[in-house]
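There are 2 protein chains.
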Amino acid sequence: MLSGVNLENEKSEGITVKKSENFSEWYSQVLTKSEFIDYGIVSGTVVFKPSSYFAWQKIVEFVNNEFVKDGVENVYFSMLIPESLLEREKTHFKGFNPEVAWVTEAGKSKLKERLAIRPTSETIMYASYSKWIRSWRDLPMRYNQWNNVIRWEFKNPTPLIRTREFLWNEGHTVYASKEEAENERDFVLGVYQKALAELAALKGVVGRKTENERFAGAVNSYSIELLLPDGWALQGPDFHNDGQNFSKAFDVKFLNREGKYEYAWQNTYAISTRVLGAMVAVHGDDKGLVLPPNLAYIQVVIVPIMKKGSEKAVLEFSQQIYSELRTKYRTKLDDRDYYSPGYKYNEWELKGVPIRIEIGAKEAEGRFVTAVRRDNGVKSKIEASKVKEDIGKAMEQMQKDMLERAEKLLKNNMHEVKSYEKFKEILKEKKGILVAPWCGESECELKIKEETGAKILNVPLDQTPLDDKCIYCGKKAKYVANFARSY
Amino acid sequence: MLSGVNLENEKSEGITVKKSENFSEWYSQVLTKSEFIDYGIVSGTVVFKPSSYFAWQKIVEFVNNEFVKDGVENVYFSMLIPESLLEREKTHFKGFNPEVAWVTEAGKSKLKERLAIRPTSETIMYASYSKWIRSWRDLPMRYNQWNNVIRWEFKNPTPLIRTREFLWNEGHTVYASKEEAENERDFVLGVYQKALAELAALKGVVGRKTENERFAGAVNSYSIELLLPDGWALQGPDFHNDGQNFSKAFDVKFLNREGKYEYAWQNTYAISTRVLGAMVAVHGDDKGLVLPPNLAYIQVVIVPIMKKGSEKAVLEFSQQIYSELRTKYRTKLDDRDYYSPGYKYNEWELKGVPIRIEIGAKEAEGRFVTAVRRDNGVKSKIEASKVKEDIGKAMEQMQKDMLERAEKLLKNNMHEVKSYEKFKEILKEKKGILVAPWCGESECELKIKEETGAKILNVPLDQTPLDDKCIYCGKKAKYVANFARSY
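Those protein sequence lines, which keep their order, are chains A and B. Just so we're aligned: 76 in this note's numbering is position 76 of the first sequence, and the numbers increase by one with no gaps anywhere. Just so we're aligned: 186 in this note's numbering is position 186 of the second sequence, and the numbers increase by one with no gaps anywhere.
Because the hints were derived from the structure by calculation, they are not lab data. What you are looking at is a predicted structure, and each value in this text was computed from that prediction instead of being measured. Hints should not be assumed to be uniformly reliable.
[Claimed, not checked] Partner residues are not named here, just some residues of chain A that face chain B (Cβ under 10 Å, in silico): (1) GLU73; (2) MET79; (3) ALA101; (4) GLU105; (5) GLY107; (6) SER109; (7) LEU139; (8) TYR143; (9) ARG162; (10) GLU165; (11) TRP168; (12) GLY243; (13) TYR263; (14) TYR338.
All C-beta atoms, glycine included, are put in the ideal place defined by N, C-alpha and C.
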């Protein structure tokens, strides 16, 4: 399991441990040595360096575009929430209060009331919604914001995965009916799954959260659960039906078509920078980061191999290839004269650049390039005349292969079990996600968690009637549920 | 002058005061009644509603694109800054300390050290820069972030113009030499001026800040000063040469080509959501907001005029025009059947939509539309076959005319004066920007400010040698400076 934050700014340049041997240390090294992120000055925070920030912006762009096309509108609320407001929905407050950072002073003055830095914005937003929404004509109101939040994790901060400040979207939508509100779910989870697959090359397991694992204040929560290579699960993007819980607490009501006041139906949903952590963990290897081409800050790096006599031809040809590729791909020509080609290969591999192009005397003379894929190391010879087209194809293929690899990782580590013995055995041996029949009772869920450390990630949405028995109590199973140890 | 924050969520729908009679109340009404923003729950904060957030995102997109093309890279640092770090550059700390919001508790724990919510990020960023920068090979390092900051203004918060939380970019770049650092200025100020002109239809006055008005910690500050219709100035985007002030305080040094350690040369620069306030103030009128087409959330609204007998033809024709326009412009078909056309005209005028298209029986029959420009009310008849092209032209012209109007406002309110008497007289009569000879001494600058309330906004970069005398002390003038009362 990931833990141990290595705060030292290490000088050695390559990764010194194997992913399969010390996953936690490998993860920490790959993140910082590749310059994807750095640890922040305040413990538990990170700095997004250009490569990670770019990847996040690509996800933002994609998700935002899909949302906007569907009618979601962007807004921005202040990050400060008065304590009295945060308290108003009791379950919500109970859930978030332990990890709230409080502003108590401004300049030289003590504030009259403590202000929370948003851990999430339901309360501050719904207080305004209550003023803005008057009648059915104002609905649906589908607002979203992209921002930063703080959750003061006390145990085991893990970079990107469990950090004290992270970036995300928070969708907060309001509908006139329960049905309309519930209908939004498949659209939102669909967009998130598409972003995971097409950008981060990740595949998750979708399902409904149990009552114990629900978002604080929601009626129903749905999640996309990701699996890391160490067999631990990680909750990814999620979607919550809030029912009328918040609308009652915040007086978000509207005049319906019959002229009567009704409380509105609300949803909230989010995707966060956490998915970048999963992407690094799933796809990285012993040489460093492996970035999916669609998210890579630099997609193609050209390394000229300079030898006496051919320098001019090599550099000219490299520049020609660079001029052509850069019109279409995020390309870098690494013509630094104080590093050897070998040093450069290592550096760009560490940083996860999808395609490396090597150009030496042979290539310059033959008007072709040697392209190397970061994920599988496969080399290919590409004619200069086809370089733009073929590099595009290679990246498409790489993106596809990476997603397939992630799908395989998930599939190979999902284990159907029918008995508690087998459940414990697999959990001990290899972890992963255990797909097991469950009676639906909270008691069994909690007992299993207590005894094995595995919780129910979620319950798949499509359930076929079962003849099986709950692995814990032996009573008739109502569901098949996804269990795992989870970050 | 703008002041008085109207916290009531007013019910009356139109603007009830004239811009020329009560500018402050007009500004507050136009912002909220047009649903551009709303006041936040925490005093001194605002909510960016879809229209204002969209306008800001357009500015972000434009500026970011120019920055990235020039080699600036985006990063994201945590918003929390330990007090000990904020203190490290003394002038900087002195400048910002009075308006810092402090986090002192997390969950149930008191923090060992207070954490500032960033009022600006020099200190937290440069502490990392110090670790990252090793040699001349790492330079220039041109990092930028787009984020939210908090400055706890105690006096007179004014929405968008002086709010406790705002959105901005902060560029923080590092160079190996003073000259290179200084060279960045014209590029950055050029991008900001272009964004102001081409998007917000605003024109400002560029110049160097005096020592008294400099950014806390900078060696030289440059600003683009905007002028509001009430004759008060407003500092817009700015650029600062930090020299080696911060690099010495934060130990940002590098090994130069000669193998010696040197402190780096730094710049910082920013454009903030404040420009949206200036845009509203300059372009709005007694009917409400007037949005420049390039920033408008909705660019074109189509209002069908339904009368018995022609409903079907009118609606069909409206839908046809809508289908065509929406492929190119942000278009809305307002087919709500519970509001009259007149009500709709008022609403969209209030919201500042650049072009209104009216479609009645006459139009449907004649296959043309009536288009009305928001800024000047001019109506024109456009053939259905040319609607896409002509609406585009109309918006281009409107954007141009709005910029010209802003330029005229500025020009008409810049007064060259050679004597202190005239200076005071104009300031009393009509305010505006006073362009006056100044000896360059801080003492005169401060005396003028004390006696008239007008400070030096900035000193134009191109100065021709003067024969004039300082308006205050009568000694030989060194500069012509721009004076004004300023927000």
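Worksheet item: Taking 10 Å as the limit, does the beta-carbon of A:GLU73 come near enough to a beta-carbon in chain B?
Response: Holds, about 4 Å.
Item to complete: Closer than 10 Å between Cβ atoms is the bar; does A:ALA101 clear it against chain B? Give me holds or violated.
Response: 5 Å, holds
Item to complete: Double-check A:ARG162 for me: the hint is only fine if its C-beta lies closer than 10 Å to a C-beta in chain B.
Response: 14 Å, violated
Worksheet item: Taking 10 Å as the limit, does the beta-carbon of A:SER109 come near enough to a beta-carbon in chain B?
Response: 8 Å, holds
Worksheet entry | Agreement of hint A:TRP168 with chain B interface, Cβ distance less than 10 Å | Nearest chain B Cβ about 12 Å off; hint violated.
Fill in: Proposed interface contact between A:GLY243 and chain B, which counts if any beta carbon pair is under 10 Å
23 Å, violated
Worksheet item: Minimum Cβ distance from A:TYR338 to chain B below 10 Å?
Response: 7 Å, holds
Worksheet item: Against chain B, is A:GLU165 within 10 Å by beta-carbon distance?
Response: 5 Å, holds
Worksheet item: When the nearest CB of chain B is found for A:GLU105, is that gap smaller than 10 Å?
Response: 4 Å, holds
Worksheet item: Regarding the hint that A:TYR143 lies at the interface with chain B, is the smallest CB-CB distance below 10 Å?
Response: 8 Å, holds
Item to complete: Go through the hint on A:TYR263 and say holds or violated, using the shortest Cβ distance to chain B against 10 Å.
Response: 20 Å, violated
Discussion item. Using the nearest Cβ pair, does A:MET79 come within less than 10 Å of chain B?
Written reply: With a minimum Cβ separation of about 6 Å from chain B (threshold 10 Å), the hint on A:MET79 holds.
Of the numbered hints given earlier, the model fails hints 7, 9, 11, 12, 13; all others are met.
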